[in-house]
Amino acid sequence: MQTKENAMTDTPSAVEKPTDPAIESGLERLTPERIRQVIQQVLKKETGPRFKAYVETCMRCGLCADACSYFLSNDRDPQFMPAAKVKNTVWQMLKKDGNVSRDFLRRAVRISHLECNACKRCAMYCPFGIDIAYMMLLVRRICHKLEITPQYIQDTVNSHSVTLNQMWVKDDEWIDTLQWQEEDARDEFEDLQIPLDKVGADIMYSVIAPEPKFQAGLIYQAATMMHAAGMDWTMPSSPGWDNSNMAMYTGDNEISGRIARKFFETAAKLRVKRIVMGECGHAFRSVYDMGNRWNSWVMPPFEVVHALAFYHELLTQGRITIKEKYKKKVTLHDPCNVSRGRGLHDKAREVVNLVCKDFVEMTPNREHNYCCGAGGGVINCGPPYKGERMVNNRVKAEQLAATGAEVLIAPCHNCHSGLEDIIQHYDLKMEIKFLGDLIYETMEKKIYEPEA
Amino acid sequence: MNGKTSWDWETELKEVPFDEWKTRFNWVQAPQVSQNGENIAAVVNLDDMAFSVCVNGKIWEGEYEKIWSLTPVSDSGFAAFVARDEEWTLSVNGQEWTHWCDFIWQMMKSQDGRVLGAAFQSDSEYGVIVNDTPWEDRYENLTGAVMTANGTSAAVVQVASMPGADVEAFRKGVFSVACNGIPEDRRFLNIWDISFDSAGRQIGYGVRTDRETYGIVQNDTLWENRFESVWKPEFLDENSLLAPVRINGKWQLYKNDAPFWKRRYDQLWHLTLSPDGKDVAAIVSTPYGRWSVAVNDTVWDVTWDTMISDIHFSKDGSSLAAVYKHKDVWDLAVNQTSWEMAADMVFVPCMSPDGRVVAVVIQKQGQYQLVVNKKTVASGFSFMADPVISSDGSKVLLKGIENGIYKRRIIRV
Numbered sequence: 001m002q003t004k005e006n007a008m009t010d011t012p013s014a015v016e017k018p019t020d021p022a023i024e025s026g027l028e029r030l031t032p033e034r035i036r037q038v039i040q041q042v043l044k045k046e047t048g049p050r051f052k053a054y055v056e057t058c059m060r061c062g063l064c065a066d067a068c069s070y071f072l073s074n075d076r077d078p079q080f081m082p083a084a085k086v087k088n089t090v091w092q093m094l095k096k097d098g099n100v101s102r103d104f105l106r107r108a109v110r111i112s113h114l115e116c117n118a119c120k121r122c123a124m125y126c127p128f129g130i131d132i133a134y135m136m137l138l139v140r141r142i143c144h145k146l147e148i149t150p151q152y153i154q155d156t157v158n159s160h161s162v163t164l165n166q167m168w169v170k171d172d173e174w175i176d177t178l179q180w181q182e183e184d185a186r187d188e189f190e191d192l193q194i195p196l197d198k199v200g201a202d203i204m205y206s207v208i209a210p211e212p213k214f215q216a217g218l219i220y221q222a223a224t225m226m227h228a229a230g231m232d233w234t235m236p237s238s239p240g241w242d243n244s245n246m247a248m249y250t251g252d253n254e255i256s257g258r259i260a261r262k263f264f265e266t267a268a269k270l271r272v273k274r275i276v277m278g279e280c281g282h283a284f285r286s287v288y289d290m291g292n293r294w295n296s297w298v299m300p301p302f303e304v305v306h307a308l309a310f311y312h313e314l315l316t317q318g319r320i321t322i323k324e325k326y327k328k329k330v331t332l333h334d335p336c337n338v339s340r341g342r343g344l345h346d347k348a349r350e351v352v353n354l355v356c357k358d359f360v361e362m363t364p365n366r367e368h369n370y371c372c373g374a375g376g377g378v379i380n381c382g383p384p385y386k387g388e389r390m391v392n393n394r395v396k397a398e399q400l401a402a403t404g405a406e407v408l409i410a411p412c413h414n415c416h417s418g419l420e421d422i423i424q425h426y427d428l429k430m431e432i433k434f435l436g437d438l439i440y441e442t443m444e445k446k447i448y449e450p451e452a
Numbered sequence: 001m002n003g004k005t006s007w008d009w010e011t012e013l014k015e016v017p018f019d020e021w022k023t024r025f026n027w028v029q030a031p032q033v034s035q036n037g038e039n040i041a042a043v044v045n046l047d048d049m050a051f052s053v054c055v056n057g058k059i060w061e062g063e064y065e066k067i068w069s070l071t072p073v074s075d076s077g078f079a080a081f082v083a084r085d086e087e088w089t090l091s092v093n094g095q096e097w098t099h100w101c102d103f104i105w106q107m108m109k110s111q112d113g114r115v116l117g118a119a120f121q122s123d124s125e126y127g128v129i130v131n132d133t134p135w136e137d138r139y140e141n142l143t144g145a146v147m148t149a150n151g152t153s154a155a156v157v158q159v160a161s162m163p164g165a166d167v168e169a170f171r172k173g174v175f176s177v178a179c180n181g182i183p184e185d186r187r188f189l190n191i192w193d194i195s196f197d198s199a200g201r202q203i204g205y206g207v208r209t210d211r212e213t214y215g216i217v218q219n220d221t222l223w224e225n226r227f228e229s230v231w232k233p234e235f236l237d238e239n240s241l242l243a244p245v246r247i248n249g250k251w252q253l254y255k256n257d258a259p260f261w262k263r264r265y266d267q268l269w270h271l272t273l274s275p276d277g278k279d280v281a282a283i284v285s286t287p288y289g290r291w292s293v294a295v296n297d298t299v300w301d302v303t304w305d306t307m308i309s310d311i312h313f314s315k316d317g318s319s320l321a322a323v324y325k326h327k328d329v330w331d332l333a334v335n336q337t338s339w340e341m342a343a344d345m346v347f348v349p350c351m352s353p354d355g356r357v358v359a360v361v362i363q364k365q366g367q368y369q370l371v372v373n374k375k376t377v378a379s380g381f382s383f384m385a386d387p388v389i390s391s392d393g394s395k396v397l398l399k400g401i402e403n404g405i406y407k408r409r410i411i412r413v
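In order, the protein sequence lines correspond to chains U and S. Start counting the first sequence at 1; every next residue gets the next number (the working numbering). Start counting the second sequence at 1; every next residue gets the next number (the working numbering).
Honestly, the hints are just simulated from the structure, not real lab data. Treat the hints loosely; a few may be bogus.
[Claimed, not checked] The calculated lysine-lysine pairs, modelled on DSSO-like cross-linking and capped at a C-alpha distance of 27 Å, are:
| no. | chain 1 | residue 1 | chain 2 | residue 2 |
| --- | --- | --- | --- | --- |
| 1 | U | Lys-433 | U | Lys-328 |
| 2 | S | Lys-66 | U | Lys-170 |
| 3 | S | Lys-315 | S | Lys-4 |
| 4 | S | Lys-255 | U | Lys-262 |
| 5 | S | Lys-66 | U | Lys-269 |
| 6 | S | Lys-172 | U | Lys-262 |
Note that the coordinates shown come from a computational prediction; the quantities given were computed from them, not determined experimentally.
Construct all of the structure, not just a fragment, from the sequences and the given hints.
Here it is in structure tokens:
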């Protein structure tokens with residue numbers, strides 16, 4: 001039994017490994033022929049020189065080990081070295097030409113889905129730049145085709161495939177939530193609107209499904225900021241509003257591509273100039289890097305602006321002004337996909353310094369930051385795995401504790417949820433906030449008036 | 001679309017002082033313009049939680065707590081979803097339907113505008129309502145509702161319960177298609193993109209039959225071939241269904257379960273048929289990352305680097321227009337010739353029946369312009385609806401707001 005007192009010394013063996021019904025029923029259905037056929041098909045037909053180069057270049061130097069928060073959190077257990085994760089999955093599959101057992105696959109699911117956040121920190125430290133996250137996603141692709149993806153994240157992808165959002169938010173629930181938030185936000189500005197389907201607007205604002213599902217206040221805050229800043233914006237009333245993409249993390253590339261297509265074609269239908277998205281990391285990656293490319297869009301067909309960059313624009317252009325800086329001591333978590341992946345960490349600091357009085361860095365930071373431990377679809381594997389996720393996040397907890405900050409800013413939904421779990425589990429005396437929470441809290445509630 | 005001969009094509013200019021409304025009402029939402037351009041309308045706020053629709057300065061009789069999805073219907077009218085006492089219905093030109101529900105969305109209309117429909121939810125059950133008559137059967141969920149040109153309605157419906165996170169139930173298939181409210185027997189993991197032939201009798205759609213296998217359903221038959229993915233099918237005629245399908249990482253056009261086009265593309269979508277059914281066009285990517293248009297499997301000589309958003313045939317099939325983005329600016333190409341407008345946005349083009357006149361609204365530096373056959377004929381507008389060309393191709397109907405005044409202007413070509 002874990003307690004807050006012993007949390008920092010938890011070990012993997014202290015945590016029970018759950019049985020996942022989706023994995024087990026999937027494994028039961030498999031035959032050796034099917035396993036071999038799928039592995040050969042993915043590794044031989046869906047990969048190319050990149051994969052071959054990665055496999056043949058790794059010298060087993062071990063530099064990736066110290067980059068991995070799982071390795072560090074588990075007392076440098078070699079099985080958590082990124083190179084070991086590759087060795088115990090893809091390399092074996094290659095070596096045995098797909099002739100692997102169900103037990104092997106059971107372990108491969110765990111390694112690829114639960115012991116790697118696809119955060120790419122190891123790739124940054126590899127002297128050859130080997131992208132181990134890519135290889136873990138290949139394993140997930142195999143798991144997807146073999147139908148042994150963990151239950152909860154598979155359910156998320158099922159939701160994507162039916163509703164084009166990740167939380168089974170029904171069409172009416174989405175619009176109703178926007179109207180509800182619009183009505184509430186009129187407490188701030190009596191003429192505030194969340195313009196639905198406004199063709200020709202400058203901005204399409206998009207969010208991820210947890211916002212209408214249980215964080216609707218974030219939509220209220222965004223609407224308040226948009227209105228105060230005098231932006232010409234809109235939100236779609238129909239599917240295509242959710243920019244998240246968990247299919248990208250289960251290797252269901254076909255559904256991932258379908259989601260990305262709908263997202264960009266919704267923007268095209270509305271004839272907007274650019275897309276601004278809320279504080280989410282993986283969603284950002286899915287539209288500037290992965291989902292778009294399956295559709296043959298080398299780069300996103302619309303400019304996609306992450307909330308961090310958008311806040312920076314609003315504050316530096318004076319469209320939003322801060323009434324009084326936030327006083328509590330804050331620290332900033334750099335989400336992998338927006339910092340290491342997209343280089344927005346300096347803009348994030350400028351925003352934090354414009355909004356907050358007392359900012360302290362965590363160490364390491366910027367592109368070197370440790371992953372929150374939730375990203376890459378790990379938290380989406382659901383409650384059964386929360387216990388081990390907490391153990392695997394020990395190094396993150398230590399990093400947070402060392403800052404002495406009262407408030408942790410996490411500008412990414414997955415990070416936010418994962419770090420909230422860490423704070424609770426390790427009993428850290430911290431609040432957690434989105435950057436938008438702080439801006440909303442400190443901004444002047446007045447309409448921007450451009451200088452004549 | 002082309003304008004009807006019964007519309008006023010003679011009066012050169014009609015005006016409505018739109019910005020005046022902003023002084024009459026607490027606030028005015030984005031305007032909509034009727035198809036014939038005679039009327040401009042907007043949702044207006046009268047008081048706290050009191051909204052109406054203002055048409056050419058006159059407001060609908062009813063006041064509502066909420067109004068949304070104001071849409072032009074028929075030649076000169078408007079419909080909108082309206083709420084009172086937390087119940088919703090559709091109002092057409094201020095006349096409410098009798099059936100009220102817990103929520104209503106996705107307005108649909110037949111080609112002549114006489115049949116209106118929408119998706120609705122009451123007591124957590126979902127259906128479609130057509131001309132004030134709801135489907136008899138209701139469902140746990142409903143997506144992708146469509147209405148055919150003649151008013152037939154259909155949607156993807158959930159026909160069996162599925163407990164939360166029950167991935168085993170999902171893999172057995174709980175979704176079906178309901179046509180005019182009646183569900184088909186066959187169930188699938190996923191159903192997307194319902195399509196009908198022009199008479200509204202033949203139905204086709206894309207499905208997923210297991211986690212990695214996709215197919216096309218044509219009436220009662222699931223095509224025998226299975227694919228890596230599929231996009232929206234379209235009927236070439238009542239006996240021929242076309243669909244882009246993905247095989248070994250490339251896209252190809254199939255007809256009635258057999259290859260129709262020979263070439264395989266990195267992407268192939270937005271199937272568009274000439275009205276006479278002789279030509280089939282699609283947006284394609286070839287090589288990877290470059291975008292073009294294929295007509296009858298022959299690719300245009302030009303490619304663009306970012307996106308083609310939509311393509312449109314003229315009524316006689318002689319002209320094909322493509323709205324595209326290249327090197328960060330939007331443009332229009334007609335029969336492969338770019339207009340080189342370098343716009344911030346290009347809206348939906350309109351073509352004369354013979355394809356010789358093409359009109360389109362564009363945005364540059366925040367202002368709207370009307371461009372006809374590459375020539376800017378009006379600019380400096382703060383808003384423009386898509387133009388309409390008369391059926392003889394001699395006149396273009398401009399519908400826009402200039403200096404706060406709505407203008408319906410006839411421009412001779």
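These are the hints, each one checked on the structure:
In summary, the hint linking Lys-433 of chain U to Lys-328 of chain U is supported, as the alpha carbons are separated by about 12 Å, within the 27 Å threshold. Restraint check: the Cα-Cα separation between Lys-66 of chain S and Lys-170 of chain U comes to about 20 Å, which is no more than 27 Å; the hinted pair holds. Our distance criterion of 27 Å between C-alpha atoms is met by Lys-315 of chain S and Lys-4 of chain S, whose separation comes to about 14 Å. With a C-alpha separation of about 24 Å, the suggested pair Lys-255 of chain S and Lys-262 of chain U falls inside the 27 Å cut-off, and the hint holds.
A threshold of 27 Å between alpha carbons decides the hint, and for Lys-66 of chain S with Lys-269 of chain U the separation of about 25 Å falls inside it, so the pair holds. Between Lys-172 of chain S and Lys-262 of chain U the alpha-carbon distance is near 25 Å, which keeps this suggested pair within the 27 Å criterion.
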